[in-house]
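Q: Here is how the chains run, residue by residue.
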Amino acid sequence: MKKLNANTGNLFLITALVLFMASVVFGFLGSLIYRYPEFLRDSIGLSGLRPMHVTAAIFWILLAATGAVYRSLEEIAKQQNYKLLQFIHWALWIVAIIGIYYAYFTGNFGGREYWEYPPEFAIIIGLAWMLFLIVFILRVRAIKKWPVYIWMWLTGIVYFLFIFIENYLWVIPYFRESFIKDMVIQWKATGSIVGAFNMLVYGTAFYVMERISKQANTGFNNWVFALFFLSFFNMLFNWGHHLYLVPTNPTIHYVGYIVSMTEWVFFIKILYNWKSQVTEAEAYYHYFPYRFLLAANFWLFFNLTIALFMSVPVINLYMHGTHFITAHAMGTTIGINSMILLAAVFYFLLPERKSHQSRWLKIGFWGAQVSLFVFLMALMAMGVVKSLWFFEAPQAPFAEMMERSRGWIVLFIISGLSLMGSFLLLGLYLIITSFRQKAVSLKKKLEP
Amino acid sequence: MIPCMSRWIPITFVLLSAAFLVFSWSIYFDEAIYENKPAEYDAEMQKQGRLVWQKYNCHVCHQLYGLGGFLGPDLTNVSEKGFYYLDAFLKNGTASMPIFELTEEETQQLFEFLKATNASGSSNPKDYRKLWNGMIEQ
Chain A
27 MKKLNANTGN LFLITALVLF MASVVFGFLG SLIYRYPEFL RDSIGLSGLR PMHVTAAIFW
87 ILLAATGAVY RSLEEIAKQQ NYKLLQFIHW ALWIVAIIGI YYAYFTGNFG GREYWEYPPE
147 FAIIIGLAWM LFLIVFILRV RAIKKWPVYI WMWLTGIVYF LFIFIENYLW VIPYFRESFI
207 KDMVIQWKAT GSIVGAFNML VYGTAFYVME RISKQANTGF NNWVFALFFL SFFNMLFNWG
267 HHLYLVPTNP TIHYVGYIVS MTEWVFFIKI LYNWKSQVTE AEAYYHYFPY RFLLAANFWL
327 FFNLTIALFM SVPVINLYMH GTHFITAHAM GTTIGINSMI LLAAVFYFLL PERKSHQSRW
387 LKIGFWGAQV SLFVFLMALM AMGVVKSLWF FEAPQAPFAE MMERSRGWIV LFIISGLSLM
447 GSFLLLGLYL IITSFRQKAV SLKKKLEP
Chain B
-19 MIPCMSRWIP ITFVLLSAAF LVFSWSIYFD EAIYENKPAE YDAEMQKQGR LVWQKYNCHV
41 CHQLYGLGGF LGPDLTNVSE KGFYYLDAFL KNGTASMPIF ELTEEETQQL FEFLKATNAS
101 GSSNPKDYRK LWNGMIEQ
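Protein sequences appear in the order of chains A and B.
To convert, take the position in the first sequence, counting from 1, and add 26; that gives the working numbering.
Just so it is clear: in the second sequence, position 22 is 2 by the working numbering, and no numbers are missing.
Because the hints were derived from the structure by calculation, they are not lab data.
Some hints could be false.
[Stated by the list, open to error] These stretches of chain A come out as covered by chain B in the derived footprint (C-beta under 8 Å, 3 or more residues):
no., region
1, 57 to 66
2, 249 to 263
[Said to hold, decoys possible] Below are the EDC-like pairs computed for lysine to aspartate or glutamate, each with C-alpha atoms no more than 16 Å apart in a straight line:
no., chain 1, residue 1, chain 2, residue 2
3, B, Lys106, A, Glu418
4, B, Lys71, A, Asp68
5, B, Lys35, A, Glu418
6, A, Lys464, A, Glu378
[As the list claims (entries may be wrong)] Which residues of chain A face chain B? A few of them, derived with a C-beta cut under 10 Å, are:
no., residue
7, Asn36
8, Gly71
9, Arg76
10, Glu139
11, Trp196
12, Glu203
13, Val272
14, Pro273
15, Thr274
16, Asn275
17, Val281
18, Ile341
19, Asn342
20, Leu343
21, Tyr344
22, Arg430
Ideal placement from N, C-alpha and C gives every residue a C-beta, glycine not left out.
Please put together the full structure from these sequences, using the hints given.
A: And the structure:
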């Protein structure tokens, strides 16, 4: 017990890495069904594989961000407090994960998109999250002046809890009386909850960046605070762009439209910072936490460009309901969130630069970037095919439209395979090397 | 950071949170009926039908108003094709869709739910008008 809870932050990070690898494997198996529809059709099928993939991907983000927050707070406070509470927090997650995957493998669903497990498991996750909030507050209350990342983590934790509860309002029959109201609440929660866990992820990015570049001022920079509030504002109010086609109160559409347009500020700021980043990259390029942060910045630019187009309703009309949406979702979770979290995992589990001189790491890193680019291009090409099909007259049957995408689906599967291989390489390297380093340091301690 | 800015951080945080709560409240208790088509359905059964949709993970492959999976077509307006059209797919499956063993009651509840989605409007992008300000509407 004493050993196990010695560092709960690391336990979260390693559990997250296992989920990350599971997510890419389930995702790849699911992708095969688009080309070979009879693959696993009468057993687990896409209706089982997609929830397994999505749940593992979301939990990877949540658990890696939690581990990064715990490890960061340890570094800030230079001590480990509330170990038992943190261990119970981790144990609750393990119980939830085992229960959820048991339910999935036995064909027991009942939840909604992205949260398909039976809603009873949400109680365990909710309790775990409440414990996270309590531990976080206990640990940060002694810090007098909060840098931006502490504000971001607090915002992420509090709002995730609120929105996670909102996400389950459907269990009350009142909220299912009107199909449209129910759908608005569902996509309000879905849109905002992504913003909430992005707060945890971006807060981690700021923290790791500050530590790498040793510029202690980053966390108190006025610009950084301004961008934090703009992200917060978007998290609360920009979700309406998911619902442009849903016939509801027009105020929801207009609020989503106007608020989404403020994201241009992020876009311009990225372009403005580009040159200084290139100079910095020369100094830190061989250090993988930095390299992953740099990659995340590229994917942020890429995804923000798609997001800005999608946020304009007349353009959204041609992209909505097509694979452009999947490209955007995948680009964000893989390109931005996963790259930042991999930077954090490298920073906390393998902090020494000498651990980063590996050919395997380079292959994994570049394999992931190139595969992701091809993967997103294939998805967007499938999106174009579907968009053209929407507006053709007379409209061909759905199956014929799918057949037109055949070549792009094959490319999607091949690039997905390469993406899976690259991420498995990185994940296994991280786990094996960190355990090996632990074993070496333990051996040194035991030597007389 | 400019020293006077630090006290604005918690104030801005609270103000934005309050605005969010008011906006959320107005959505939770919005009593307006958003229906664009004269379609009749059983209100109680459609509520149960929503749960059937979830139990069998229909959203993994199908969409409602373009939101959901991409392996199958959008089903917002599928009820216009009638109960037996839906029933045939559920009982026989297709190359990519397994046979779902729904009970008769579940099939009926699912159909009532799909009648409710159909009553709300059309999910066909061709049925939307483009406005001067970049907005769209049915």
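Q: Each hint needs a verdict: does it hold in this structure or not?
A: Status of the hints after comparison with the structure:
Beta-carbon proximity to chain B at under 8 Å applies to 4 residues in the region 57 to 66 of chain A; the threshold of 3 is reached and the given coverage holds. For the region 249 to 263 of chain A, the proposed coverage by chain B is satisfied: 6 residues have a C-beta within less than 8 Å of a C-beta in that chain, meeting the threshold of three. This hinted pair checks out: Lys106 (chain B) and Glu418 (chain A) have alpha carbons roughly 9 Å apart, not beyond 16 Å. For the proposed pair Lys71 (chain B) and Asp68 (chain A), the alpha carbon gap of about 14 Å is at most 16 Å, so the pair holds.
Straight-line distance between C-alpha atoms of Lys35 (chain B) and Glu418 (chain A) comes to about 34 Å, which puts the hinted pair past the 16 Å bound. Of the pairs offered as hints, the one joining Lys464 (chain A) and Glu378 (chain A) holds, with about 13 Å between alpha carbons and a cut-off of 16 Å not exceeded. Checking Asn36 (chain A) against chain B: minimum C-beta separation of about 31 Å lies over 10 Å; hint violated. Nearest Cβ of chain B to the Cβ of Gly71 (chain A): about 6 Å, under the 10 Å cut. The hint holds.
Given the 10 Å rule on beta carbons, the hint for Arg76 (chain A) holds: about 5 Å separates it from the nearest Cβ of chain B. Interface restraint check for Glu139 (chain A): the shortest CB-CB distance to chain B comes to about 5 Å, inside 10 Å, so the restraint holds. At a threshold of 10 Å, the smallest CB-CB gap from Trp196 (chain A) to chain B is about 8 Å, leaving the interface hint in force. Because the closest C-beta pair between Glu203 (chain A) and chain B is about 7 Å apart, less than 10 Å, the hint holds.
Residue-level restraint check for Val272 (chain A) holds (minimum Cβ-Cβ distance to chain B is 5 Å; threshold 10 Å). Look at Pro273 (chain A): its Cβ gets to within about 4 Å of chain B, closer than 10 Å, so that hint holds up. Against a cut-off of 10 Å between C-beta atoms, the interface hint on Thr274 (chain A) holds, since the closest Cβ of chain B lies about 6 Å away. This hint holds: Asn275 (chain A) has a C-beta 7 Å from the nearest C-beta of chain B, less than the 10 Å allowed.
A hinted interface residue such as Val281 (chain A) counts as satisfied when its beta carbon comes closer than 10 Å to some beta carbon of chain B; here the least separation is about 8 Å, so the hint holds. Taking 10 Å as the C-beta cut-off, the interface hint given for Ile341 (chain A) holds, the closest approach to chain B being about 8 Å. The interface hint given for Asn342 (chain A) holds, since its Cβ lies 8 Å from the closest Cβ of chain B, which is under the 10 Å cut-off. Against a cut-off of 10 Å between C-beta atoms, the interface hint on Leu343 (chain A) holds, since the closest Cβ of chain B lies about 5 Å away.
For Tyr344 (chain A), the interface hint holds, since its Cβ comes within 10 Å of a Cβ in chain B; the closest pair sits about 7 Å apart. Using the Cβ-Cβ criterion of 10 Å, the hint placing Arg430 (chain A) at the interface with chain B is not satisfied: the shortest such distance is roughly 14 Å.
Checked against the numbered hints listed earlier, the structure breaks hints 5, 7 and 22; every other hint is satisfied.
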